[in-house]
Amino acid sequence: MLGFGHLDFRGTFNKRLTTAVLLITVSQFNFGFDQQGFAATQAMTAFDKQFGHWDEVKQDYVLDTVWVSFFNGFIYLGQAFGVVAGSWISKRYGRRMCMFVMSIWALTAATLVITSRTPTQILVARVLNYIYIGMELAVVPVFQSEITPKHARGFVVGTYQISLFIGGLTMNCIARGTSTLPGRQAYMIPYGLFYVIPTFIICTIWFIPESPRWLVLKDRKADALASLQELRAGKYTEEQIEEEYHGIVVAVEQEYQTKSGSFFDIFKPQHRKRTVVVTGANFFLQSTGQIFTSIYGALFVKSLGTINPFTVTVVIAVVNSCTSLLAMVLTDKLGRRFQVLLGASIQVSALMTMGGLGTVSAPSHQIKSGIVSMMVVFTFGYALGWAPTAHILSAEIPALTVRDMTYRSASVLNIATQFAVSFSLPYLLNKPYAALGSRVGFIFGSISVCSILFAYFYVPDVSGRSLEEIDYLFASDMPLRKFKGVTMQIEHESRVGKDIEADLVYPTESGMPSK
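Per my numbering, residue 77 is the first one in the sequence shown, and the count goes up by one each step.
It should be emphasised that the hints constitute simulated quantities derived from the structure, not laboratory data.
In this text, a Cβ means the ideal position worked out from N, Cα and C, and glycines have one as well.
Among the clues, some could well be false.
As the list claims (entries may be wrong) - Keeping only pairs whose Cα atoms sit at most 16 Å apart, straight-line, the calculated EDC-like set for lysine to aspartate or glutamate is: (1) Lys-409 x Glu-306; (2) Lys-297 x Glu-329; (3) Lys-125 x Asp-140; (4) Lys-125 x Asp-136; (5) Lys-297 x Asp-537; (6) Lys-560 x Asp-537; (7) Lys-297 x Glu-318; (8) Lys-294 x Glu-319; (9) Lys-378 x Asp-537; (10) Lys-91 x Glu-318; (11) Lys-226 x Asp-553; (12) Lys-507 x Asp-131; (13) Lys-297 x Glu-319; (14) Lys-349 x Asp-537; (15) Lys-558 x Asp-537; (16) Lys-558 x Glu-545; (17) Lys-311 x Asp-295; (18) Lys-349 x Asp-553; (19) Lys-226 x Glu-319; (20) Lys-560 x Glu-545; (21) Lys-344 x Asp-131; (22) Lys-226 x Asp-537.
Stated by the list, open to error - The following label-pair restraints were derived from C-beta to C-beta distances: (23) Ala-438 x Thr-256: 44 to 54 Å; (24) Lys-558 x Ile-180: 38 to 48 Å; (25) Ile-265 x Leu-153: 24 to 34 Å.
From just these sequences and the hints, can you work out the full model?
Have a look at this one:
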């Protein structure tokens, strides 16, 4: 049966761990505020009047296509810088310090957004604001994966995506309500939300424990044990806490024998397979069409002239949020691989149907409504599959000493893909350029087919395994698609620095177990 029983909330989450998880989860709302706040306000008449120009043909204020491309594309330059900066701060000064610094930056950027009066000003302000988004991407999933017990890790890291969607839902509801207001307050009220979450994080982040794994990496072993005890006290015995602590120490010692954590290290034979998994997941996360619905959805629906675009954005946000909750239940129950295959298959069906409807030369109201409906169906598939799973894989797959570098590199690819898609979409959608409209579904649908093939061969299922167990699975050179059936017997002999041994038992073609 589906449910949260396998997570054992009462037996896993003490007050300190619950507080830490909730605080980190709340910090992610601001990503949704930013993404959907700017996506929705671009479809507002007041925003178009302030930052657009008068179109004599349409007899209305419109945003220049080139500027829209810059406005939704250049932000990823800021995000890329934020990922690199955030990863460096996180690795050198700790996960909490990274969250503190990024929140201070967010308040500064929000002030620049609020005070913008020209297209260039708000473009620069949004790019600077995305430095904060990049820093958040660099630290949040890693921090979550390092403080959470293995059987609940997928659920907790999955909150990254659902928090983004809940933040987006909140912003879309507010934008729906303010869209009819006269003057600048129509879009200024939504932008005011940018101050709320960073202020809260600045005031509370130092009240949660630091990552035990980061403390071990910094050779602060006494602090690491104390932090782990805070996160596990009352729910685990001292013996269990000691065992988990020694597992972390052993893993760090083993990884440091291979040194060191540079960019080129992630392509060494012992890390190459993990790098492919994480970078591939981040590429397909952004290349299969989510930017079309999340960033350009309101503008596209407005161009169809059928349904209120702000109503559609609210519906999409509701589907995102509800499906993400479902995905959080499924991810540790059914496994990462199955979930991606299911979600990506739904994406392919929706995108190809949307593209087919776009081939009608003079689409009726029903055809246009069908196109919008396929956007909603696509959203369901995306929120079920790649959306939560890519972040989970990025947090749990990399080896410890190259985790920050692997995650940073994958995040930069993630952002580069977002930049390429966001920058090109206005030209693909609108006249006088390609003017494909909903036929872009054929492009994203084809990429989604490739994502299914990638998931089948390269997405491993490591649900319920510790980060140390994952290390042994990759060291075994077993095909990734067979990870799910493996049972492990690990001997933590390295409490005084010796090597760890692990026996792997996995199913053979005949179904009988084999070592």
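Against the structure, the hints:
1. Lys-409 x Glu-306: 27 Å, violated
2. Lys-297 x Glu-329: 12 Å, holds
3. Lys-125 x Asp-140: 12 Å, holds
4. Lys-125 x Asp-136: Judged against 16 Å, a Cα distance of about 9 Å means the pair holds.
5. Lys-297 x Asp-537: Not OK: Lys-297 and Asp-537 at ~31 Å, beyond 16 Å, violated.
6. Lys-560 x Asp-537: Holds, at roughly 5 Å.
7. Lys-297 x Glu-318: Holds. Lys-297 to Glu-318 sits at ~12 Å (cutoff 16 Å).
8. Lys-294 x Glu-319: Not OK: Lys-294 and Glu-319 at ~20 Å, beyond 16 Å, violated.
9. Lys-378 x Asp-537: 41 Å, violated
10. Lys-91 x Glu-318: With a Cα-Cα distance of about 20 Å, the restraint between Lys-91 and Glu-318 is violated, given a limit of 16 Å.
11. Lys-226 x Asp-553: 22 Å, violated
12. Lys-507 x Asp-131: 14 Å, holds
13. Lys-297 x Glu-319: 14 Å, holds
14. Lys-349 x Asp-537: 14 Å, holds
15. Lys-558 x Asp-537: Given that 16 Å is the threshold and the Cα spacing comes to 8 Å, the pair holds.
16. Lys-558 x Glu-545: 15 Å, holds
17. Lys-311 x Asp-295: Violated: Lys-311 and Asp-295 sit about 26 Å apart, past 16 Å.
18. Lys-349 x Asp-553: Answer holds: Lys-349 to Asp-553 is near 9 Å, not above 16 Å.
19. Lys-226 x Glu-319: With Cα atoms ~13 Å apart, Lys-226 and Glu-319 stay inside 16 Å; holds.
20. Lys-560 x Glu-545: 12 Å, holds
21. Lys-344 x Asp-131: 56 Å, violated
22. Lys-226 x Asp-537: Given pair Lys-226, Asp-537 holds - Cα atoms ~13 Å apart, limit 16 Å.
23. Ala-438 x Thr-256: 44 to 54 Å: 31 Å, violated
24. Lys-558 x Ile-180: 38 to 48 Å: Since the Cβ atoms of Lys-558 and Ile-180 sit about 46 Å apart, the hinted range of 38 to 48 Å holds.
25. Ile-265 x Leu-153: 24 to 34 Å: Cβ of Ile-265 to Cβ of Leu-153: about 28 Å, so the range 24 to 34 Å holds.
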